[in-house]
Every structure is written in C-alpha cells, then in structure tokens.
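Could you put the whole structure together from the sequences, leaning on the hints where they help?
Spelled out, the chains give:
There are 2 protein chains.
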Amino acid sequence: MKPKLSIIGEKMNEKTGIRAVMGDIQEVLRDGSREYLNLSAGNPMILPETAAMWQAVLERLLEDGMFPSVISQYGSSYGTDELINSVVRFFSDRYDHDIQKENVLITAGSQQLLFFAINSFCGMGSDGVVKKALIPMLPDYAGYSGAVLDMHTVEGIPPLISALNDHMFRYELNRERFLQRMQGACDIGAVVLSRPNNPSGNVLSEEDVLLISDACREADVPLLIDSAYAPPFPAINFIEMEPVFTDQIIHCISLSKAGLPGERVGIAIGPPRYIKVMEAFQSNAAIHSSRLGQYMAAAVLDDGRLAAVSQHEVRPYYYNKFLLLKDALLREMPDDVKWHLHRGEGSLFGWLWIEDLPVADIELYARLKANGVIIVPGASFFHHVPWDSPHVRQCIRISLTAADEDIKKGAGILAGVVEGVCQNEKLIKNRG
Amino acid sequence: MKPKLSIIGEKMNEKTGIRAVMGDIQEVLRDGSREYLNLSAGNPMILPETAAMWQAVLERLLEDGMFPSVISQYGSSYGTDELINSVVRFFSDRYDHDIQKENVLITAGSQQLLFFAINSFCGMGSDGVVKKALIPMLPDYAGYSGAVLDMHTVEGIPPLISALNDHMFRYELNRERFLQRMQGACDIGAVVLSRPNNPSGNVLSEEDVLLISDACREADVPLLIDSAYAPPFPAINFIEMEPVFTDQIIHCISLSKAGLPGERVGIAIGPPRYIKVMEAFQSNAAIHSSRLGQYMAAAVLDDGRLAAVSQHEVRPYYYNKFLLLKDALLREMPDDVKWHLHRGEGSLFGWLWIEDLPVADIELYARLKANGVIIVPGASFFHHVPWDSPHVRQCIRISLTAADEDIKKGAGILAGVVEGVCQNEKLIKNRG
Numbered sequence: 001m002k003p004k005l006s007i008i009g010e011k012m013n014e015k016t017g018i019r020a021v022m023g024d025i026q027e028v029l030r031d032g033s034r035e036y037l038n039l040s041a042g043n044p045m046i047l048p049e050t051a052a053m054w055q056a057v058l059e060r061l062l063e064d065g066m067f068p069s070v071i072s073q074y075g076s077s078y079g080t081d082e083l084i085n086s087v088v089r090f091f092s093d094r095y096d097h098d099i100q101k102e103n104v105l106i107t108a109g110s111q112q113l114l115f116f117a118i119n120s121f122c123g124m125g126s127d128g129v130v131k132k133a134l135i136p137m138l139p140d141y142a143g144y145s146g147a148v149l150d151m152h153t154v155e156g157i158p159p160l161i162s163a164l165n166d167h168m169f170r171y172e173l174n175r176e177r178f179l180q181r182m183q184g185a186c187d188i189g190a191v192v193l194s195r196p197n198n199p200s201g202n203v204l205s206e207e208d209v210l211l212i213s214d215a216c217r218e219a220d221v222p223l224l225i226d227s228a229y230a231p232p233f234p235a236i237n238f239i240e241m242e243p244v245f246t247d248q249i250i251h252c253i254s255l256s257k258a259g260l261p262g263e264r265v266g267i268a269i270g271p272p273r274y275i276k277v278m279e280a281f282q283s284n285a286a287i288h289s290s291r292l293g294q295y296m297a298a299a300v301l302d303d304g305r306l307a308a309v310s311q312h313e314v315r316p317y318y319y320n321k322f323l324l325l326k327d328a329l330l331r332e333m334p335d336d337v338k339w340h341l342h343r344g345e346g347s348l349f350g351w352l353w354i355e356d357l358p359v360a361d362i363e364l365y366a367r368l369k370a371n372g373v374i375i376v377p378g379a380s381f382f383h384h385v386p387w388d389s390p391h392v393r394q395c396i397r398i399s400l401t402a403a404d405e406d407i408k409k410g411a412g413i414l415a416g417v418v419e420g421v422c423q424n425e426k427l428i429k430n431r432g
Numbered sequence: 001m002k003p004k005l006s007i008i009g010e011k012m013n014e015k016t017g018i019r020a021v022m023g024d025i026q027e028v029l030r031d032g033s034r035e036y037l038n039l040s041a042g043n044p045m046i047l048p049e050t051a052a053m054w055q056a057v058l059e060r061l062l063e064d065g066m067f068p069s070v071i072s073q074y075g076s077s078y079g080t081d082e083l084i085n086s087v088v089r090f091f092s093d094r095y096d097h098d099i100q101k102e103n104v105l106i107t108a109g110s111q112q113l114l115f116f117a118i119n120s121f122c123g124m125g126s127d128g129v130v131k132k133a134l135i136p137m138l139p140d141y142a143g144y145s146g147a148v149l150d151m152h153t154v155e156g157i158p159p160l161i162s163a164l165n166d167h168m169f170r171y172e173l174n175r176e177r178f179l180q181r182m183q184g185a186c187d188i189g190a191v192v193l194s195r196p197n198n199p200s201g202n203v204l205s206e207e208d209v210l211l212i213s214d215a216c217r218e219a220d221v222p223l224l225i226d227s228a229y230a231p232p233f234p235a236i237n238f239i240e241m242e243p244v245f246t247d248q249i250i251h252c253i254s255l256s257k258a259g260l261p262g263e264r265v266g267i268a269i270g271p272p273r274y275i276k277v278m279e280a281f282q283s284n285a286a287i288h289s290s291r292l293g294q295y296m297a298a299a300v301l302d303d304g305r306l307a308a309v310s311q312h313e314v315r316p317y318y319y320n321k322f323l324l325l326k327d328a329l330l331r332e333m334p335d336d337v338k339w340h341l342h343r344g345e346g347s348l349f350g351w352l353w354i355e356d357l358p359v360a361d362i363e364l365y366a367r368l369k370a371n372g373v374i375i376v377p378g379a380s381f382f383h384h385v386p387w388d389s390p391h392v393r394q395c396i397r398i399s400l401t402a403a404d405e406d407i408k409k410g411a412g413i414l415a416g417v418v419e420g421v422c423q424n425e426k427l428i429k430n431r432g
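Residue numbers (the working numbering), protein chains in the order written: chain Y, 1 to 432; chain G, 1 to 432.
Honestly, the hints are just simulated from the structure, not real lab data. Ideal Cβ positions, reconstructed from N, Cα and C, are used throughout, including at glycine.
Derived coverage of chain Y by chain G (criterion: at least 3 residues anywhere in the stretch with Cβ under 8 angstroms from a Cβ of chain G; other residues may be distant): (1) 60–69; (2) 102–114; (3) 257–263; (4) 282–290.
Below, the structure is given as structure tokens:
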C-alpha cells in the first residue's frame with residue numbers, strides 16, 4: 001500500500017538518477033554475499049592524527065565541567081556563541097575580509113545548509129515564476145538536485161572541455177554562455193557550485209568566481225559556494241586556491257572531510273541578509289544543530305589544530321591517492337582506447353572520461369559491478385540538463401577514499417572491462 | 001536590501017504569530033538591561049542524575065575505542081544500527097506491539113522529524129488540492145504552523161471546555177466535529193497532535209487516540225503523535241498514560257526533555273510505509289543525524305537508565321513544579337476574577353485561562369513584560385483557526401522550567417497585573 005504524498009513528498013521520494021544508483025550501491029554492499037572493491041564514495045578514511053584531535057577535544061569537554069550546559073540546553077538557531085566567535089576570529093585573522101557574527105550560521109551539516117539555502121532562494125516565486133538554481137559549469141554535485149523541493153529547479157551550463165597532455169583533461173567555465181543566461185534573467189534564484197568540484201576535482205579560478213559573483217550581484221541573487229573540500233579545512237585542494245569573499249557569496253563549509261562526518265556540523269559564512277533567511281528556515285525545520293559537535297569544532301578552530309591537520313594530514317593523504325589512481329590508470333588502461341582523467345585540483349574523487357566508450361555510463365557501472373568493482377556512473381552529475389553531447393554518458397567517478405590496493409586492483413579491473421566493451425564494439429562494427 | 005525569496009523562503013521567514021512573539025522574547029532576554037522572571041519556555045533544568053547519566057555514557061565511548069568509527073564515518077539515513085536495534089529491543093520488551101527495525105527512523109531532533117513528516121504528507125498534492133495537517137483538538141504546539149512549507153496547511157478543531165472544581169478546567173476532544181471533518185475528506189494529509197499536549201498539559205485518552213486513529217485509517221492518512229513529553233521517556237506525564245500503537249500512528253519521540261536537547265536526537269516509530277518516506281526526505285535534506293547523540297541514546301536505552309531517570313527524576317521534578325504553580329495561583333490570584341488552570345496531566349507547562357480578561361493575551365504579555373515577567377501569549381496555539389470564541393485570546397502559557405522562587409514571584413506579579421486590568425475595565429464600564 002503506497003501512502004499518499006504531497007508534491008514535495010513525491011519529489012523527496014523520487015528514486016531516479018543518483019538516488020536510484022546510490023540505492024542500488026547500498027543494497028549491493030549490504031547484501032554481503034560477495035566482496036566488492038568499493039570505489040563509489042564510501043566513508044572518508046579515519047586518519048590517525050585527525051581522529052586523535054577530535055578525541056582529545058571531547059576528553060577536554062568532559063574534564064572542564066562544560067558538559068552539562070553543552071548537552072542539556074537548547075541554544076540559538078544561529079549556533080553556539082562559542083563556535084560563531086571562533087569562526088569569526090579564525091576567518092578574520094586568516095583572510096583580508098571583515099567577518100562579523102552576523103555573517104555566520106551553524107547548521108547540521110553542509111547538506112542541510114544547502115537545503116535551507118537553495119529552497120529559500122529557488123523554487124516557485126510569488127510571481128508564479130520558478131526560480132532556478134543555476135550551476136555555472138557542469139558537472140556538479142548530484143545532491144543539489146536531491147535537495148530542491150520543487151521539481152525542475154536545477155539548471156546547468158555545459159562546460160568547455162580542454163584537452164591536456166598525458167591522458168588528462170580539464171573543464172573550463174563557458175563564460176559567454178553563463179553570462180548570456182544570467183543577463184536580465186528573472187528566473188534565477190541562486191547560483192550554486194562546488195569548489196573544489198565534486199565530481200570532477202576541478203577548481204574554478206578566482207577570476208571565474210569573481211566573474212560569477214559579479215553576475216550574481218547584477219541579478220541580485222546569492223552565489224552558494226559549496227566548500228566541502230576547500231581550504232582552510234579540510235583543505236583537500238591540490239593546487240593553490242583560497243576562498244573568495246564578496247557581498248554575494250555564501251560559503252557552505254563542512255567538517256565532514258576533516259574527520260567529523262558523524263557529527264554533522266556545517267558552517268555558512270555570507271552576507272547577513274542571506275544568513276538571516278537561512279536561520280529562520282533552520283529555526284522552523286530543525287531548531288539548531290548538535291551542540292557537542294559545535295563545542296568540538298570551536299575548540300579545534302581556536303587552537304589551530306583543525307587547519308593544521310587538514311594541511312598536513314588530510315590533503316597529502318588524498319593527493320597521494322589521486323597520484324596513485326592516475327599512475328594505475330596510465331599503467332592499466334588499454335592503449336587503443338581514448339580516455340582522459342580530469343586534472344586533479346582537489347576533492348575526494350578521480351573523474352574519468354572514456355571518450356571511446358561504446359556503452360552508457362550506467363551500463364559500464366553494471367558491468368563493473370558484475371566484476372566486483374563499484375564506481376558511480378557520471379550522468380547524474382549533469383543534472384538531466386539537455387546537453388546534446390555523448391560526453392554526458394562517458395564519465396565515471398572514482399572515489400579516493402579506498403585503500404591503495406583497492407584503487408590499484410580496481411583500476412586493473414576497470415581497464416579490462418573497458419577493453420572488453422570497446423573490442424566488442426569494434427567486432428560488431430567490423431562485421432557490419 | 002531585502003533578498004528575493006521563493007514562496008517557501010517567504011513562508012519560512014514569516015515573522016508573525018509565535019515567531020514574532022518568540023523573536024521579541026529572545027530580544028528582550030538578550031538585551032540584558034533588566035532582569036526578567038522567564039516563564040516563557042527557557043531551557044529545561046539540568047537535573048543532576050540525568051546529566052550524570054549522559055556524561056557517563058560519553059566517558060564510556062571514549063574508553064571503549066568506538067570513538068573514531070562513531071565520529072569519523074557517515075552512516076545510514078535511517079540511523080545507526082546500534083540505536084535502531086536498541087529502540088526495537090526496548091519498545092518490543094515494554095509494549096505489546098511487534099516493532100521491527102523497519103519501523104524506526106532516527107532524525108536530528110523531533111522538530112526535524114515533524115518537518116519531514118508533515119511536509120511529506122501535507123501541502124499541495126499532485127491533484128491540485130492542498131492537503132491539510134489537521135489538529136483534532138486545539139490548542140496545540142505552535143511549531144506545527146512553523147514547520148509547514150506551504151501556507152494555510154494547518155487546520156484545527158476547537159475543543160470542548162469542561163469546567164472542574166477548584167479553578168481547574170480540561171479540554172475535551174470534540175469527537176463529533178472531528179469525525180465530521182474527516183468524513184470522506186480528500187483534503188486531509190495527516191492528523192497531528194501532541195500527547196501530553198503542549199501548551200495545555202492535556203493528555204488525550206487512549207479511547208480518543210484510537211477513535212482518531214480509526215478515522216485516519218478510513219482516510220488512509222498517518223496520525224503523527226508528538227510524544228515529546230510522553231512515557232517511556234521523558235515521561236513527563238502526571239496521570240497514567242501509555243503510547244498507543246496502531247498501523248496509522250507515527251510516534252515522534254524526543255530526547256530533549258530527558259536531558260539531551262543540545263544533541264538533537266529524534267526517534268520516529270511507525271509503519272514502514274511512512275518511515276520509508278521520511279527517510280528519503282532526510283537523506284536529501286540532512287543525510288543523517290549526529291552519531292555521537294545516537295551512540296549515547298543507544299547506551300542509556302540498553303541499560304535502562306533513560307527510562308529510570310525519566311520516571312524517578314524528570315517526572316517528579318516537573319510534577320512538583322506544576323503543584324507549586326497551582327498553589328501559587330490559588331494563593332495569589334484575585335478572588336473576583338474568573339480564572340482556570342488546565343488540569344496538569346503532563347508536559348512542561350501550566351496553561352492558564354483567564355475568563356474575565358478584558359484585554360487580549362498579547363496585551364497581557366506586554367503588560368507582564370513591562371512588570372518583569374515573560375510568559376507566552378496563547379493565541380498562536382490556536383493556529384489562526386477561525387473559531388469565534390473569546391477563549392482564544394484569554395489564555396497564556398507558563399513554563400514549569402523556571403526556579404521555584406521565580407514561579408512563585410511570577411504568579412504574584414501576574415495576579416497583580418490581572419487584577420489591575422480587570423479593575424480598570426470595571427471602572428470604565430461603571431463610568432459608561
């Protein structure tokens with residue numbers, strides 16, 4: 001018996017795109033009848049120095065007598081004074097930008113932060129026009145499509161593709177098309193992007209971010225920058241980058257990749273006029289986020305350990321994984337197949353474009369699964385945007401969270417499967 | 001400069017009703033230029049045995065080596081296996097109702113749980129009809145109106161008022177009107193109620209709950225029972241009551257009043273067909289709730305301490321506060337004014353009906369504030385339902401979380417202010 005749902009309930013229960021794939025992956029892994037090499041996403045690794053830092057903080061909480069007031073009291077929907085003050089101090093000291101407490105909102109993780117932000121600014125407007133969440137450069141995080149309460153709210157601009165040496169490539173912002181779309185548009189509610197980018201590992205240049213922010217100022221809409229992999233923490237950037245602050249940008253910062261995914265702490269830094277709006281949403285939908293996590297975050301911001309472990313332990317750990325994946329692909333992938341790995345500029349993922357792939361990404365996913373390897377097919381990251389290019393179905397996302405051996409073995413199996421489908425295709429063509 | 005919001009963003013940012021009052025209260029208390037007796041809500045008291053229980057659990061976590069996996073890993077959107085299994089074991093042992101893990105969902109607090117539930121089932125339907133969240137007996141928790149994403153989604157049935165001895169009264173379910181409203185209705189998405197009731201302290205009888213549940217079965221809609229004050233925890237019930245389990249009921253359980261408001265743990269127990277829907281919403285909007293809080297909750301469910309402190313420390317603490325409030329009002333309130341306190345059956349509140357009140361509840365709120373006492377005016381708990389009765393504007397909510405002295409002093413000041421406005425009214429009438 002299926003329950004009767006509201007339109008919002010139906011939207012949230014859709015089992016298509018990334019949710020269908022993720023559901024399938026969870027089922028496969030939960031089944032337990034077979035061992036898989038999980039290169040889909042999985043959990044971030046538990047890094048010893050990072051885990052020790054969080055444990056030490058919690059031990060201190062129990063010793064310093066603050067515990068009852070942290071755990072046994074409700075707090076402000078903006079977040080605890082302690083964490084907000086720590087964020088203000090830390091970011092003001094580090095960056096040349098005036099940050100006040102009115103610029104800060106703490107949420108139960110950055111997914112929830114994006115949920116509040118996107119749905120505050122995008123979706124049906126009182127003028128009857130659906131305000132889009134515009135992604136300036138596809139592909140981007142599939143969870144944005146999941147987080148919107150109204151259907152058809154996410155739109156994206158196809159990227160330019162720039163070939164590099166050595167089986168590498170890079171996406172570039174199509175500035176012209178982006179500016180064209182923004183020009184005079186009254187159906188854009190917000191612009192949203194991840195930097196570093198999930199899934200591709202691309203890092204938009206500061207110049208591009210400023211160009212996007214300027215267009216947002218013109219249109220009077222916020223620019224949501226999902227900073228889940230950005231410096232100063234978790235700092236999973238492999239090229240130089242710094243957060244950009246303007247009067248349009250809301251940074252959506254996460255502690256999940258710096259060892260605290262279990263505790264759900266998200267930090268928004270942005271203009272007070274936007275922060276206020278998201279705070280109201282939070283107070284209605286959640287009251288506030290966990291105060292234990294907030295206490296822990298404040299402590300490691302204050303003593304500088306969070307930024308330090310991010311830089312010295314988290315970043316090199318994933319950078320080495322990326323190099324390992326790249327080497328394994330260069331070693332294992334067949335010579336006569338055109339393939340390209342996106343330049344590794346940051347994030348937890350390798351993004352592989354197999355230009356010669358004769359089957360769709362979802363079919364490659366199925367064949368890899370049959371061979372014991374789980375990856376994430378790439379199409380969902382293009383958000384069902386009508387882009388008439390085979391590229392959309394030629395990409396897969398490979399997680400850097402797996403063990404070294406698993407990445408190496410996985411690359412070998414992947415190479416074999418790709419070789420198989422490509423040869424099969426050639427045979428069919430030759431026969432025809 | 002006001003940002004442009006979606007309809008949902010505007011709804012969440014409305015500053016009317018309870019949100020306007022709560023905003024005012026926060027501002028007044030934050031100001032600090034004056035001391036107030038805060039009988040508005042405030043934080044639950046930190047009770048020593050309860051606080052010690054939570055601290056002991058967290059100490060054990062740090063000792064038993066589980067910490068890194070709790071804190072450093074993502075988990076299922078249903079909740080951790082440990083807490084789900086603990087809930088299943090605890091409720092199955094205690095109640096004669098078969099509970100499986102498919103019946104359980106863990107969320108970041110019960111406000112968020114209600115947010116997912118109400119918006120999954122209520123609001124605009126694909127048939128173009130707005131599905132209401134129906135409150136069977138007003139008054140009820142003002143937060144339901146805050147949590148709905150669509151305007152005009154909450155509706156309520158006025159109560160019957162039953163006078164009791166000794167300045168006491170009790171609300172009764174208007175069964176006839178409720179059943180009439182449910183009969184053949186295709187514009188009801190869910191029925192929602194709190195038991196024990198916030199604000200009145202009423203506890204609907206099991207018979208009434210079953211009658212409501214039967215009507216929900218007929219209409220094929222869920223019955224959301226907000227169990228924030230119910231047994232088995234926090235067990236802030238002052239008369240006998242037990243949770244009722246049927247194939248329509250979703251219990252929305254909270255740990256906030258059992259000493260853990262800071263950690264945001266909500267537990268839904270209900271039919272799998274509904275639980276699944278809420279889980280999908282959660283996975284899109286929040287991923288999952290804090291795992292530290294979940295670990296702590298599982299431990300104190302398993303060893304029985306949560307139910308024990310609820311019964312032996314939490315319940316008597318608030319019951320004594322209620323008796324104290326009642327005695328203070330009987331002692332202090334003027335003899336020639338008709339006033340009635342709702343029978344204290346449970347919850348954190350005393351609910352005072354001043355039948356002779358010549359000014360609106362919001363005006364009484366303002367005068368009390370001017371005299372240094374903060375209460376919550378009652379009208380918002382009637383959810384702007386068109387009920388043509390002065391009763392709606394004659395009630396105030398008094399929190400039982402304040403110190404004994406504050407309750408006594410507050411009752412004295414209240415009595416004086418009420419006497420003043422009533423005498424003033426008489427003078428005006430006599431002159432006229």
